[in-house]
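Asker: Counting from 1, position 12 in the sequence shown corresponds to residue 12 in UniProt numbering; the numbering is continuous, with no gaps.
Quick caveat, the hints were computed from the structure, so don't treat them as lab data.
Where a beta carbon is used, it is the ideal one built from N, C-alpha and C, also for glycine.
Treat the hints with caution; some may be incorrect.
Unchecked claim - Derived BS3-like pairs: lysine-lysine, alpha-carbon spacing no greater than 30 Å straight-line:
{"no.": "1", "residue 1": "Lys210", "residue 2": "Lys61"}
{"no.": "2", "residue 1": "Lys109", "residue 2": "Lys130"}
{"no.": "3", "residue 1": "Lys5", "residue 2": "Lys130"}
{"no.": "4", "residue 1": "Lys123", "residue 2": "Lys28"}
{"no.": "5", "residue 1": "Lys109", "residue 2": "Lys61"}
{"no.": "6", "residue 1": "Lys109", "residue 2": "Lys140"}
{"no.": "7", "residue 1": "Lys130", "residue 2": "Lys103"}
{"no.": "8", "residue 1": "Lys39", "residue 2": "Lys28"}
{"no.": "9", "residue 1": "Lys51", "residue 2": "Lys215"}
{"no.": "10", "residue 1": "Lys98", "residue 2": "Lys120"}
{"no.": "11", "residue 1": "Lys204", "residue 2": "Lys51"}
{"no.": "12", "residue 1": "Lys130", "residue 2": "Lys210"}
{"no.": "13", "residue 1": "Lys123", "residue 2": "Lys215"}
{"no.": "14", "residue 1": "Lys25", "residue 2": "Lys140"}
{"no.": "15", "residue 1": "Lys215", "residue 2": "Lys204"}
{"no.": "16", "residue 1": "Lys196", "residue 2": "Lys140"}
{"no.": "17", "residue 1": "Lys140", "residue 2": "Lys123"}
{"no.": "18", "residue 1": "Lys130", "residue 2": "Lys51"}
{"no.": "19", "residue 1": "Lys51", "residue 2": "Lys39"}
Unchecked claim - Pair by pair, the computed Cβ-Cβ distance ranges are:
{"no.": "20", "residue 1": "Glu141", "residue 2": "Phe95", "range": "14 to 22 Å"}
{"no.": "21", "residue 1": "Val171", "residue 2": "Glu3", "range": "37 to 45 Å"}
{"no.": "22", "residue 1": "Glu117", "residue 2": "Asp197", "range": "33 to 41 Å"}
{"no.": "23", "residue 1": "Glu134", "residue 2": "Leu44", "range": "21 to 29 Å"}
{"no.": "24", "residue 1": "Pro193", "residue 2": "Lys103", "range": "24 to 32 Å"}
{"no.": "25", "residue 1": "Glu3", "residue 2": "Pro48", "range": "41 to 49 Å"}
{"no.": "26", "residue 1": "Asp197", "residue 2": "Gly138", "range": "37 to 45 Å"}
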Amino acid sequence: MEELKLLGNRASPFSYRVLWALKHKGAKYEYVEEDLFNKSELLLRCNPIHKQIPVLVHAGKPLPESIIILEYIEDTWPQNPLLPLDPHERTMARFWIKFGEDKAPIFYKFFHTVGEEQVKGTKEAEELLKTIEEYGLGDKEFFGGEELGLTDIAYGWIACWLDVLAEAAGVEMLGPQCFPRLQAWAERFKQLPLIKDNLPDRHKMLTFFKSRREKIIAPAATT
């Protein structure tokens with residue numbers, strides 16, 4: 001059997017994207033937990049450009065960046081496909097995945113700021129959620145229709161991490177009254193056995209992100 005190793009971190013939604021995809025495909029792999037504040041020689045050697053997780057090592061060849069890894073997994077393990085067969089639907093799935101990646105800095109703005117900047121960042125994130133709900137998800141159960149797809153996995157952090165980040169930052173986000181269809185999708189997503197059985201402890205996540213936010217905003221508090 002060819003070596004398959006995932007370098008990740010239990011607080012990282014990007015690591016879980018890859019983990020979920022591997023488990024969905026039934027691929028056997030070794031998981032290696034990385035300390036983001038004391039990066040291993042293995043991680044630095046496998047991802048010398050960005051020096052970040054996740055990294056997938058397959059047959060001795062490393063691959064960085066979660067979305068790139070997801071595409072590789074889909075191409076390498078064709079069983080249990082996560083992308084539609086229809087060319088248009090397949091392309092639109094990739095469009096929405098890219099949209100989420102391009103807008104990621106806006107999503108995290110509320111977590112990294114305070115005061116008026118945080119209020120502004122929260123509103124910007126809510127506008128993005130509105131766009132994703134209306135044009136990406138629509139009235140479908142999942143982004144690709146009735147079954148879990150690659151777009152759902154890419155947006156899984158919204159279902160499983162966004163409320164934790166919002167609570168850590170002291171803001172309210174993804175309320176059922178504001179985004180009822182997106183909230184319903186998030187609940188369906190989290191109840192899938194694949195997801196439900198492979199999630200980090202929420203209390204530990206909240207503690208971690210509260211600590212991270214305190215360190216991030218500390219310079220602003222002293223100015």
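Asker: None of the hints should be skipped; say for each whether it holds.
Answerer: Against the structure, the hints come out as follows:
1. Lys210 with Lys61: 36 Å, violated
2. Lys109 with Lys130: Roughly 17 Å between the alpha carbons, so the hint for Lys109 and Lys130 holds.
3. Lys5 with Lys130: 37 Å, violated
4. Lys123 with Lys28: The hint is violated at about 42 Å.
5. Lys109 with Lys61: 34 Å, violated
6. Lys109 with Lys140: With a Cα-Cα distance of about 28 Å, the restraint between Lys109 and Lys140 holds, given a limit of 30 Å.
7. Lys130 with Lys103: Answer holds: Lys130 to Lys103 is near 13 Å, not above 30 Å.
8. Lys39 with Lys28: OK: Lys39 and Lys28 at ~24 Å, within 30 Å.
9. Lys51 with Lys215: 21 Å, holds
10. Lys98 with Lys120: 23 Å, holds
11. Lys204 with Lys51: The given pair, whose Cα atoms are some 24 Å apart, holds under the 30 Å limit.
12. Lys130 with Lys210: Holds, because 26 Å separates the two Cα atoms, which is no more than 30 Å.
13. Lys123 with Lys215: 23 Å, holds
14. Lys25 with Lys140: At roughly 23 Å apart (the allowed maximum being 30 Å), Lys140 and Lys25 satisfy the hint.
15. Lys215 with Lys204: 17 Å, holds
16. Lys196 with Lys140: Holds. Lys196 to Lys140 sits at ~21 Å (cutoff 30 Å).
17. Lys140 with Lys123: Since the Cα atoms of Lys140 and Lys123 sit roughly 25 Å apart, the hinted pair holds (cutoff 30 Å).
18. Lys130 with Lys51: 33 Å, violated
19. Lys51 with Lys39: 8 Å, holds
20. Glu141 with Phe95: 14 to 22 Å: 19 Å, holds
21. Val171 with Glu3: 37 to 45 Å: At 43 Å between Cβs, range holds.
22. Glu117 with Asp197: 33 to 41 Å: Distance hint for Glu117, Asp197 holds at roughly 38 Å.
23. Glu134 with Leu44: 21 to 29 Å: 42 Å, violated
24. Pro193 with Lys103: 24 to 32 Å: 29 Å, holds
25. Glu3 with Pro48: 41 to 49 Å: 19 Å, violated
26. Asp197 with Gly138: 37 to 45 Å: 28 Å, violated
Against the hints set out earlier in the document, violations occur for numbers 1, 3, 4, 5, 18, 23, 25, 26.
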